[in-house]
Structure formats: C-alpha cells, structure tokens
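A.B. asks: Here are the chains, one letter per residue:
2 protein chains.
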Amino acid sequence: MSTFREQAQELVSKMTFGEKMEQMRYDAPAIPRLGVPAYNWWNECLHGVARSGAATVFPQAIAMAAAFDRPMLYETAQAISDEARAKYNEYKTFGDTQIYQGLTYWSPNINIFRDPRWGRGHETYGEDPYLTATMGTAFVKGLQGEDGTYRKLDATLKHYAVHSGPEALRHEFDAKADQKDLYETYLYAFRYCVEHADPSAVMGAYNRTNGEACCASPTLLQKILREEFGFQGYVVSDCGAICDINNHHKLTANEAESAALAVKSGCDLNCGSAYVWLKTAAAAGLIDEETITEAVVRLFTARFRLGMFAKDCPYDNLSYDVVECEKHTKLNRQMAADGMVLLKNTGILPLNPAAAVAVIGPNADDRLVLLGNYNGTPSRYTTFLKGIQDASEGKVYYARGCHITNQKVGNWAEHPLREAVLAARRSDVVVMCMGLNALIEGEEGDAYNGDRSGDKADLELPNSQRELYEAVIETGKPVIFVNVSGSAMNLCRQSEECAAVIQCFYPGAEGGNALGDILYGKVNPSGRLPVTFYRSHKDLPDFEDYSMENRTYRYFKGKPLYPFGYGLSYTNFQVKSLTAERTEEGLSVSAAVANEGSLDGKFTLPLYLTRKDREGRDPLRWLVGYDKAFIRAGETLTFRIAIEEDILAMTGEDGVRSVKPGEYEILAGGFEENCMGRVKIRL
Amino acid sequence: MSTFREQAQELVSKMTFGEKMEQMRYDAPAIPRLGVPAYNWWNECLHGVARSGAATVFPQAIAMAAAFDRPMLYETAQAISDEARAKYNEYKTFGDTQIYQGLTYWSPNINIFRDPRWGRGHETYGEDPYLTATMGTAFVKGLQGEDGTYRKLDATLKHYAVHSGPEALRHEFDAKADQKDLYETYLYAFRYCVEHADPSAVMGAYNRTNGEACCASPTLLQKILREEFGFQGYVVSDCGAICDINNHHKLTANEAESAALAVKSGCDLNCGSAYVWLKTAAAAGLIDEETITEAVVRLFTARFRLGMFAKDCPYDNLSYDVVECEKHTKLNRQMAADGMVLLKNTGILPLNPAAAVAVIGPNADDRLVLLGNYNGTPSRYTTFLKGIQDASEGKVYYARGCHITNQKVGNWAEHPLREAVLAARRSDVVVMCMGLNALIEGEEGDAYNGDRSGDKADLELPNSQRELYEAVIETGKPVIFVNVSGSAMNLCRQSEECAAVIQCFYPGAEGGNALGDILYGKVNPSGRLPVTFYRSHKDLPDFEDYSMENRTYRYFKGKPLYPFGYGLSYTNFQVKSLTAERTEEGLSVSAAVANEGSLDGKFTLPLYLTRKDREGRDPLRWLVGYDKAFIRAGETLTFRIAIEEDILAMTGEDGVRSVKPGEYEILAGGFEENCMGRVKIRL
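Heads up: the sequence lines are chains F and S, in that order. If you're matching positions, the first sequence starts at 1 in my numbering and goes up one per residue. If you're matching positions, the second sequence starts at 1 in my numbering and goes up one per residue.
If you're looking for bench data, these hints aren't it; they were derived computationally from the structure. Don't take every hint at face value.
It does not matter which identical chain is meant; a pair holds if it fits inside one copy or across any two.
Derived pair list, reagent style PhoX-like, types lysine-lysine, alpha-carbon separation capped at 25 Å [stated by the list, open to error]:
{"id": "1", "residue 1": "Lys-330", "residue 2": "Lys-559"}
{"id": "2", "residue 1": "Lys-344", "residue 2": "Lys-522"}
{"id": "3", "residue 1": "Lys-223", "residue 2": "Lys-327"}
{"id": "4", "residue 1": "Lys-660", "residue 2": "Lys-92"}
{"id": "5", "residue 1": "Lys-92", "residue 2": "Lys-395"}
{"id": "6", "residue 1": "Lys-557", "residue 2": "Lys-327"}
{"id": "7", "residue 1": "Lys-327", "residue 2": "Lys-14"}
{"id": "8", "residue 1": "Lys-395", "residue 2": "Lys-327"}
{"id": "9", "residue 1": "Lys-628", "residue 2": "Lys-576"}
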C-alpha cells in the first residue's frame with residue numbers, strides 16, 4: 001500500500017500545471033475528471049467549532065490556559081474534533097465543502113501575549129512560552145486524533161511568527177526581534193509543538209519579522225521551520241497576507257511577484273486572492289512547476305491523510321448527535337469553572353446561598369461576552385446573571401448599570417446607573433460583572449474599538465464602568481468584582497476595595513453556570529493567571545517594541561498587581577516538602593501538598609526555575625513545569641513533575657539554547673511572596 | 001380641602017414668569033424655595049416599564065391587541081403601573097427624577113395602523129378604531145389606577161393625530177385627511193379614550209395634519225380635543241416636534257415663534273428644547289403670562305394628582321419586590337400565548353412531544369426580537385428556541401440558517417444555510433422562526449433599516465430568509481412557520497406550503513415559553529389578527545396617501561390572505577345561535593358558542609356590523625363588539641355582548657357621526673367565508 005504522499009504524488013501528476021496552481025487557493029475548485037471535489041480549506045475551532053452554527057462553545061483560549069490543565073485541554077480538543085468531524089460528515093453529503101465546513105482548522109493561536117494591549121491576546125494561551133507550548137501541544141494532539149492511519153483534523157499553528165499587534169499596523173508592520181527573544185520567546189512554542197505534536201500546518205503572519213514578510217520569509221519558513229524544527233506539513237498564509245506584501249509591505253511590485261515569492265519561500269496555500277496570480281507569475285518565469293508541484297503534493301498529502309478520498313476512515317462514522325452532547329456540555333462547564341481565577345477573597349466567598357444578591361454590570365446578562373471571538377453558536381447559553389439566578393436561593397436583583405463603553409449615549413438614552421445603586425442598596429452583596437468584550441478587544445476588522453482596530457489604549461475600565469463602580473462602592477455593600485476580559489486590566493482599586501475579585505476571561509456557553517458554581521462553592525476555584533496583571537500600561541515598554549525587556553513575569557522588573565500564575569482557592573493548600581533530582585531527561589520534582597482547609601479542591605502547582613547568578617537579559621524566573629490535582633480536605637498528595645531538559649536551557653544572544661551550569665532554585669506554587677516552597681539544584 | 005387644581009394654582013402663583021416657563025420643559029428644573037424638586041416628565045411603558053432597567057416586558061402592543069382581551073390588558077396595565085410606581089418610589093429617594101424615572105408615561109400609542117409598511121405599527125393596537133379605542137381605554141385605566149383621590153400614573157395618548165408614516169418624512173409631512181376619515185378612523189380612538197378613560201395627557205404628533213403642525217394646531221388641540229372631546233388634561237409635544245415647526249414644516253421663522261404658537265394652540269409641555277425659547281418669545285410679545293400660567297397650572301395639577309407633594313398617597317407603599325414578580329411573569333406568559341395567532345394548521349399542531357424538531361431561523365434564538373421597541377430589560381428571557389427546548393421531550397436541533405437580512409455578508413462570513421438543511425433532514429418537523437425585528441421595522445432614528453428610516457418597502461421577507469425558506473421547504477419536511485413581525489407580511493407561499501403558520505408578533509420576555517405552550521398544546525391558540533394580512537403591497541394605495549379608501553378590512557375591496565380578526569384554534573368552535581335586540585344603549589347580542597372539539601380553549605368572538613344598502617365611502621363592515629371566554633370541550637357558552645350606540649353610527653362627509661336608519665346584519669366570528677353566524681337587525 002502506498003503512502004499518503006505517494007497517493008498525492010500520483011494524483012497531482014495527473015493535473016495540469018494550471019490545475020495545480022488553482023489547488024493552492026483556499027477555495028480550491030473541483031477537478032471532476034480526477035474525482036477531486038471542490039474544497040474550502042478555511043475552518044476555525046479556537047475553542048469549539050467556529051462559524052459553522054451550533055457547537056459546544058468552550059471558554060476562550062486564554063481561559064483554558066488559566067485552567068493550567070493539559071489533560072482537560074486535550075479532552076476538550078477531542079470533543080471539538082468529534083464535533084468537527086460530525087459536522088464534516090454531514091456537510092460532505094452536499095458533494096463539496098463551503099467555507100467553515102472542511103477538516104483543515106486554523107487553530108490554535110500560539111502567539112505570545114507579549115503586551116496586554118493587544119486585542120487578540122485572548123486567542124492565545126498567555127504570556128509564557130512553556131505554558132503556550134504545552135497547551136498548544138495538548139490542543140493539537142486532541143484535534144488531530146490518535147488514529148494510526150488517518151488524521152482526524154488538521155491543526156494549524158498560527159501566526160508564525162512574532163505576531164502580537166498593533167492590529168492597526170499588522171498589514172505593514174515590521175516586528176524586530178533579536179535572536180535571543182526570537183528563540184527564547186517567540187518561536188519556542190512553535191518549535192515545541194512541531195516537535196511534540198506534529199501539527200499538519202503552520203500559518204504565516206501578516207507582519208514582517210526582521211524585514212521579511214512572514215508569509216514569504218525564507219528565514220522563517222525554510223531555514224527555521226523546515227530545516228531547524230523539522231516541520232513536515234504545509235504552510236498557509238493568513239487571509240490577504242500575500243497581497244499585503246506588495247500593497248502594504250512594499251517588498252514586491254504586484255500580486256504576481258508576491259505570490260511567486262511566497263511559494264518559493266515555502267507558503268503552500270493562500271487564504272486570499274494572491275495565488276490567482278500564480279499563472280501570471282509562471283508565465284513571467286517567476287515560479288517553476290517543480291516548486292508548485294511540491295506545494296500541491298503537500299496539500300494533497302494532507303487531504304489523503306484526512307481520509308477525504310478513502311472509504312475506511314474511522315472518523316466517517318462520527319454521528320451528528322455528538323454536537324453539543326451532554327458530555328461536552330458537562331466538560332465545558334468544568335473547563336469554564338476551572339479557568340476562572342480567584343484574585344482576592346476576604347472570606348465572603350463561597351456565598352451564603354440565602355443572601356440577597358445584586359448582579360450589576362454591562363457584562364452580567366450579555367450572551368456575546370461569553371463567546372470571545374472565533375466562536376461557534378451555542379444553542380444554549382448561560383449568562384452570568386442566569387447562572388447566579390439558578391444557583392442562588394435568595395432574591396436576585398439585576399441592573400445593567402451602565403453601557404459597556406460611554407460612546408454614543410445621548411440625553412434621551414437610558415440612564416441605568418441609579419437602578420444599580422438601588423439594587424445594591426436592597427442586597428446583602430453585590431456581584432459586579434464588568435470588563436470588556438470581544439467587540440472592544442479583538443481583531444482588526446472585527447472589533448468595534450474603531451480608533452485602535454481592536455487594541456486597548458490602556459488597562460483601564462471604560463469610563464462608564466468606572467463611574468458605575470464608584471457609585472456602587474459608595475453604597476458600602478460588599479462587592480464581588482468579576483472582571484470579564486481577555487487581557488490584563490488595572491484592578492488596583494478593586495483589589496483594595498472589593499470583598500472578592502474574580503478574573504473570568506470569556507468563559508464560553510456555560511460561563512454563567514460556571515460562575516454560579518464558583519460563587520456558591522460548588523466548585524473550588526483553581527485557575528491561575530496566564531498573564532501578568534500590571535498596575536498600569538505606564539509600567540510597560542512601548543506597544544510597538546518587540547523586545548521582551550521588562551515584559552511578562554519572566555523579565556518584568558516592576559511590581560505587578562497580580563503576577564503570572566497567581567490564583568487563590570477557598571481551601572488552604574500548603575507545600576509540605578519539595579525535592580528535586582537530576583535525571584537524564586531533565587529534573588524530577590516531588591512536592592507533597594496538603595489541603596489544610598475544610599473544603600475539597602483542585603490545586604494547581606506551577607514550578608518556576610530561577611538562577612542564582614542571573615546574567616544579562618536572561619529571565620528572572622520561568623515556568624518549567626506544572627500539574628494539577630484534586631485534593632480532599634485534610635489529605636496530602638504528592639505531585640511528581642518531570643521537568644524536561646529543554647526547558648532548563650537558556651538562550652544566548654545568538655539564539656542557541658543550552659543549559660548553563662550553575663546554581664538554580666525551583667520555586668513551587670509561585671515566586672517572590674507567593675512562593676510556597678523552594679529547593680536548590682545545581683545544573 | 002382644596003382641589004389639586006387649586007393647590008396647583010396656589011403654587012404656580014408663587015412662581016415668577018420665568019420660573020413658570022421653565023416648568024414647561026420636560027426636564028423641569030427644581031424651584032428649591034417653593035419645595036419643588038426637579039422633575040423629568042419623560043417616561044415610557046408601552047408594554048412594560050421601559051428604558052428603566054429590569055421590568056416585566058410584556059408582548060408588544062400589537063401582540064396584546066391580538067389577544068382581543070380587555071380584562072387581561074387591564075390587568076397587564078395594572079401590573080405595569082405597579083412596577084412603575086415601585087420604581088418611582090425608589091428613584092425619588094435621590095431627591096429628584098432623571099429621564100425615565102417619573103410617573104408621567106407617554107403610552108399608549110393609539111394611532112391607526114393604516115398601512116403595513118409603517119415601521120412603528122407594532123406600537124399600536126392595529127388597524128381598527130374600535131379595537132384600538134377599547135384596548136387603549138383598558139390600558140389607560142390600568143395605568144392610571146382606581147384610587148378615588150390620587151392617580152397612579154399619568155397615561156398619554158399618542159400621537160395626536162393622523163400619524164402613521166412615512167418615518168423618513170415625519171418631521172415635514174402634511175397628512176391629508178378629510179372630515180370623514182378624520183372622525184371615522186383617525187380620531188375615533190382618541191375621542192373614545194378621552195370619554196371613557198380620562199387620560200391625563202395627549203401627545204401631539206410630529207407631522208402636520210391638513211396644514212397645521214399637530215403640536216401647534218388650534219383645530220386639533222383646541223377645537224377638537226378640548227372643545228369637542230372635552231379633554232381635561234395636558235398636552236405634550238413629541239420630542240423635538242416644536243423645533244420641526246420652523247426647521248422642517250417652515251410654518252414659523254424660528255424656535256421662539258414655534259414655541260409661542262405651540263403654547264397658544266394648547267401644547268403645555270415640551271419634549272425637546274423649543275420651550276427654552278419661550279422667554280425670548282415672551283420678551284417679543286409673542287406669548288402672554290396668562291396663557292403660560294394656565295399651561296403650568298395644568299402641569300402642576302397633574303403632579304399634585306400623582307401625589308408628588310402628598311404624604312398620604314397609597315401608591316407610595318408599593319414595594320420594589322413587585323418588579324418582575326412571579327405573578328407578573330405568569331401573566332406575561334399567558335398574554336404572550338394568547339397574543340399568538342394560528343393562521344394555518346393541517347393537524348400537525350399540537351406537536352407530538354417526542355418528535356425530533358429542527359428549530360431554524362434568525363429569530364429562533366434572538367433575545368431582542370422578543371422585546372419590540374419602547375421596551376424594558378427583562379432579567380429573564382426565553383427565546384423561541386429555549387421555549388421549544390424546554391417544552392419538547394424529543395431531540396431539538398438548532399440552526400440559525402441565515403442572517404436576518406442579507407446586508408454586509410462577505411465571502412468570509414459564516415454561511416449558515418446548509419446547517420439548516422442538515423437540521424431539517426434529521427428532524428421529524430421543522431419550526432422556522434423567521435420575520436423581522438424592531439431594528440428592521442421601527443422608528444426613525446432607532447431602526448437600522450437605514451434607507452427607509454424604519455419603514456418597510458414591501459411585505460416580503462428579506463432575501464436571505466426567502467433563500468433559507470426555499471432550501472428548507474425542499475427537504476420535504478413539514479414546516480411550522482412562525483412569523484415574527486409587528487406588521488403584516490406576505491405569507492402566501494407559507495399558507496400553501498407549510499404544515500402550520502403562526503403569527504406571533506414581538507411576544508415579550510416570556511415569548512419562547514409561550515410559543516412552547518402553543519406548539520405543544522399546553523395553551524390552545526385564541527389570538528386574532530388585529531391587522532389585515534395582504535398578499536402584496538401592490539394591493540394597497542400609495543404609502544403617503546392618508547385616504548382610507550381600499551385600506552384595512554373596513555374598506556379593502558381586494559382579497560386579503562388573512563383578514564382582520566382571523567385566527568384558528570386547536571378545537572372546533574361553532575356559533576349555535578345568534579340573536580340581537582335593540583336597547584337604549586345600543587344593541588344586545590347573544591351568541592351560544594359550542595366547543596365541539598376535544599380540547600378546552602378560549603374562544604374570541606368578534607362581532608361585525610354591515611349595512612345592506614352601503615353608501616359611498618362607508619365601511620364594508622366594522623367591528624362593533626368582541627369578547628373572549630374559556631369553553632371546555634363539549635360545553636356551550638352563551639356570550640352576551642352589549643354593543644354601544646356610538647359604534648353603530650356612521651360618519652358623514654362632514655365628520656358628523658349618526659346612526660343611519662336601514663337594514664343591517666351582525667356577523668359573528670368573522671366576515672365573508674369566516675362568518676360563523678349572522679343575524680339581521682334594523683336600526
């Protein structure tokens with residue numbers, strides 16, 4: 001039996017040069033004489049099958065990262081790929097696929113959330129390379145399946161590489177990253193995922209990196225991705241990115257030149273219209289058939305491997321009834337609760353079920369805020385308000401309180417502030433559901449935050465919400481502040497004035513139920529911040545500066561409000577002992593953790609490494625391992641975490657990674673004042 | 001003890017001329033030295049307290065009219081006024097009121113829904129003067145309360161008069177209505193409500209009527225409203241309408257002239273900024289203090305009568321806990337179900353609870369479509385999808401199927417049609433939730449239907465929905481078509497091709513539960529159309545033509561698809577006997593109605609009058625009475641309906657109404673082929 005590549009080679013060999021070039025478009029036409037149906041390569045499943053109707057909408061990627069739970073993310077990706085396959089099985093009965101109906105998914109987004117102002121940061125797994133790498137690996141594996149022969153879906157790592165805003169400039173921007181930052185931060189997760197998860201595809205970014213357009217970069221695509229990392233799959237352009245090369249980056253004179261440059265640099269598939277010009281490029285001698293053939297063979301290898309031309313693909317039997325099934329809904333609720341991060345608690349949580357609650361804020365009863373972006377359409381939603389109504393046994397008052405932003409509010413508009421004050425006055429406790437939504441922080445072209453194309457100007461709540469906050473705080477009622485955002489916000493005042501603070505990101509269709517579970521103690525919070533919560537954007541470098549200096553918990557020299565990895569529980573976990581020993585594969589760490597409180601709960605144990613004699617631009621500390629487990633009240637559990645040799649390494653100015661000999665310390669649970677245990681180790 | 005008017009006179013006598021003029025603004029300032037707090041007159045409660053946060057959101061007015069149930073509308077208005085007072089009691093603790101926090105409500109809208117293209121038609125009680133008059137009366141009475149001394153709220157009849165589009169022209173339009181149409185159609189409900197419900201206020205319309213600006217019309221406001229109808233309350237302008245008099249109607253040179261003309265014509269209160277110019281007008285001698293004083297006395301009489309300066313107003317004790325209380329929610333669900341109109345049923349309804357159902361359409365899971373316009377904010381919603389999910393015992397598939405309109409959909413947008421086909425294929429029956437929403441048909445400045453300012457161009461579904469409909473019908477699955485709109489649509493194809501057709505208007509926060517109740521037979525449908533469903537807008541006169549010729553069931557000579565008053569039941573009602581006798585007050589009609597089917601249900605009995613020797617432009621038939629009652633299966637109930645003398649009258653070309661002697665027939669249940677019984681009567 002021939003390999004998928006051989007099958008692809010044979011099929012492609014029957015195509016004309018012109019037919020081959022047409023197959024490199026994301027909207028590939030049918031070739032009826034060869035039995036090739038039309039196929040649209042574009043599909044999305046960042047946190048559930050997206051843009052294809054009903055689907056289980058899991059929490060946004062950043063929220064799933066906050067759960068710090070690889071097995072659960074893997075299980076979630078399995079659920080997503082089950083739904084994706086089930087949908088595909090139905091769609092293909094039409095004889096072709098339209099957009100968002102195929103098996104080739106342009107997820108996950110493993111860019112580093114370098115700066116909290118980036119509008120698309122909530123699509124990522126946060127600011128840490130190792131967390132991103134391991135989350136990305138779990139997600140890709142869950143999508144692509146474990147069948148020995150066929151691939152369940154194609155996962156696509158994006159956006160390769162060094163891509164994190166500004167959104168307004170993305171089509172023309174040149175990101176400057178030196179070799180150290182490149183390998184230590186921006187490429188780490190790409191390399192790790194290629195090595196550990198064998199992703200089918202990689203998507204090139206819109207921007208330039210160090211002068212080369214990412215979708216047509218010999219350095220990024222050939223030298224690094226294929227030669228250094230050993231990537232075996234196909235490369236797809238971001239949508240319209242190849243036309244940007246001439247239109248905005250001004251590196252070529254026209255679309256034909258851009259298309260030829262991209263293909264020759266290793267970009268096999270084009271989302272957009274640039275590759276329509278490949279025929280022109282070929283006629284002008286800018287591209288040869290051999291290069292084209294190799295690209296098309298890669299693409300058809302993928303299609304064969306997905307079982308598109310087979311009769312024995314086991315995934316063809318997945319039934320549509322898996323879509324939004326009870327099992328997925330239950331998993332979704334669990335993921336949503338585990339991705340919420342308790343930042344402060346004076347003891348008011350878990351709430352007394354009989355308490356009268358005022359639920360206040362523009363995000364309290366909004367369905368869209370649950371969904372983030374790149375989302376599907378749940379056929380059942382639970383807003384925060386609904387979740388609280390269902391969980392509470394007391395009276396629940398609701399007041400929107402203000403418009404989410406203070407734009408376009410005339411004299412004759414509703415003025416909802418006083419109602420919020422009234423609701424607060426009548427209640428024992430106030431739950432404020434505030435923050436942003438994916439129309440405020442999001443992608444250029446999508447987000448309504450018009451003047452900044454989806455990015456944030458700062459870390460502040462919109463003025464309308466600050467006014468509401470003041471008025472509610474003035475009532476003197478205890479406030480549980482639920483910050484709903486995909487990015488770090490300035491919560492300094494809340495951290496001082498509120499009885500409790502919860503960061504809940506965009507928690508998916510079950511978000512309200514999950515918040516209810518957390519507030520009333522049905523679930524003990526276990527989420528941890530996947531990003532640093534700074535006190536102000538003024539503590540940060542310029543947004544356009546891609547140097548990692550003074551960015552993220554690894555390099556930030558200031559005092560954040562809440563550090564990366566921070567997150568509280570309703571119970572009292574203690575690290576009772578911590579040992580580390582060198583192994584051939586890296587380090588083996590044992591940590592005995594006791595639940596000394598009175599509630600059961602999951603404990604997330606992050607491990608950080610720090611070097612005694614830190615040099616130059618090396619990180620202050622970095623995540624080298626993490627695990628999570630359920631520990632009953634009164635019980636002690638020993639975590640055994642294997643730290644990979646690779647993550648012990650540091651990156652030189654030349655980009656080369658190596659383990660630098662010296663004295664190190666492993667910090668368990670947190671760093672600085674949040675460290676729960678430490679052990680020295682010599683590497 | 002002095003009357004409220006005397007108290008007002010005394011208070012006003014202490015005001016300076018300038019202070020008085022300031023009190024005629026809707027945003028009246030405080031006069032601290034007289035103990036008068038600031039008061040904002042503008043509030044709305046068309047179908048629930050609106051624009052003031054959480055409230056029970058009842059079905060839109062047109063849906064409540066479809067219930068043909070005066071006692072239930074009265075009860076609904078009582079619920080609304082309870083919530084309104086409860087909110088006011090809280091708001092006034094701030095020492096003043098902001099917009100939408102006072103007791104003076106600018107509801108109901110009793111304009112005649114003359115043409116289905118009018119975007120605001122769903123705010124009205126439909127196309128019939130008697131139905132509108134009686135519904136308006138029940139609503140006003142329920143709002144204003146029955147306390148012997150104090151008024152619970154002020155109700156405001158609007159928009160006086162001859163106001164029904166086009167929205168785009170409303171600030172400059174001159175509606176032409178001859179005396180017959182004026183009194184027979186446009187003014188009937190205003191007169192009836194003034195005579196029967198003593199409304200506190202009347203709002204002048206934006207447009208001119210027969211050359212005079214409605215808010216400054218001596219004919220409408222002085223001669224007709226006050227002198228002929230005996231109206232005792234105050235008149236308020238529509239918002240910005242007085243500036244229109246110079247800016248758009250060009251009847252005056254500037255705001256000062258407009259303001260003076262309006263006050264002198266009888267408009268006591270100004271929504272907008274025109275009356276800021278009253279001081280200028282007074283200085284120029286355009287208006288005298290006596291006229292101003294009378295207006296302000298009227299306004300303060302109302303404020304005293306509302307108990308704003310009293311300590312013994314019984315409504316001050318209404319607690320906030322009445323807002324969205326269980327009793328109101330239950331009433332809301334009942335009203336919503338009773339306002340849905342079954343237009344066709346092959347027998348598929350009520351649905352088998354075990355059937356697999358595909359719920360398809362852009363209105364299926366939309367919360368906003370429940371609310372219509374001039375709405376409050378429910379703290380609990382049930383979308384149609386949710387209502388079906390909760391009511392069904394079988395599998396429920398959901399597919400949005402299309403965008404509600406086909407605007408702004410690019411190549412890269414989601415293409416949801418195929419999913420709908422898949423859902424239909426997998427189901428036993430399809431429920432399509434289609435139609436419009438209040439962003440498509442609505443008010444100028446509010447509605448997003450930009451090119452027509454909220455009006456409809458025709459009666460057709462948007463193209464996107466027609467395409468979806470075709471695709472779903474092609475699957476061959478039985479379709480229950482739920483048309484969600486505030487106005488008549490062309491449902492010709494649906495009436496032929498679908499297994500059932502339901503018109504459900506904008507049914508309020510409990511709309512989904514109500515639809516579930518109807519679909520699964522928990523509630524037997526009893527609603528009736530308050531408007532004619534034409535086959536095409538081409539059957540109608542020009543939209544700008546205000547002549548009633550060939551408009552509404554009273555004058556329309558064509559063949560409608562579904563006539564005014566039409567509506568089916570799941571059971572089989574028969575009129576077994578019908579008698580009518582002349583009384584001093586009009587007519588007394590007896591109708592024995594048997595429920596010969598196997599299901600209990602409410603029966604709506606409309607009575608129409610038709611004159612044997614109809615003359616000239618007299619109506620073909622007109623509603624003269626109606627009642628509604630619950631009749632158990634197998635039982636017979638006798639309706640006794642008193643027909644008022646007034647509605648027997650016909651209107652001459654001079655506008656004078658009189659009972660024309662001759663032979664008449666009373667038609668029970670419907671007219672033409674829908675007539676269930678008839679009796680001759682000589683008047």
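A.B. asks: Does each hint hold? Answer for all of them.
C.D. replies: These are the hints, each one checked on the structure:
1. Lys-330 x Lys-559: neither (38 Å within a copy, 54 Å between copies)
2. Lys-344 x Lys-522: Within. Shortest intra-copy distance 18 Å satisfies the 25 Å Cα cut-off; inter-copy 48 Å does not.
3. Lys-223 x Lys-327: neither (44 Å within a copy, 71 Å between copies)
4. Lys-660 x Lys-92: neither (54 Å within a copy, 71 Å between copies)
5. Lys-92 x Lys-395: between (50 Å within a copy, 23 Å between copies)
6. Lys-557 x Lys-327: Intra 44 Å, inter 59 Å, cutoff 25 Å: neither.
7. Lys-327 x Lys-14: Classified as neither: same-chain Cα gap 45 Å, cross-chain 73 Å, threshold 25 Å.
8. Lys-395 x Lys-327: between (31 Å within a copy, 15 Å between copies)
9. Lys-628 x Lys-576: This pair counts as within: shortest intra-copy Cα distance 16 Å, inter-copy 76 Å.
Comparing the model with each numbered hint stated earlier shows that hints 1, 3, 4, 6 and 7 do not hold.
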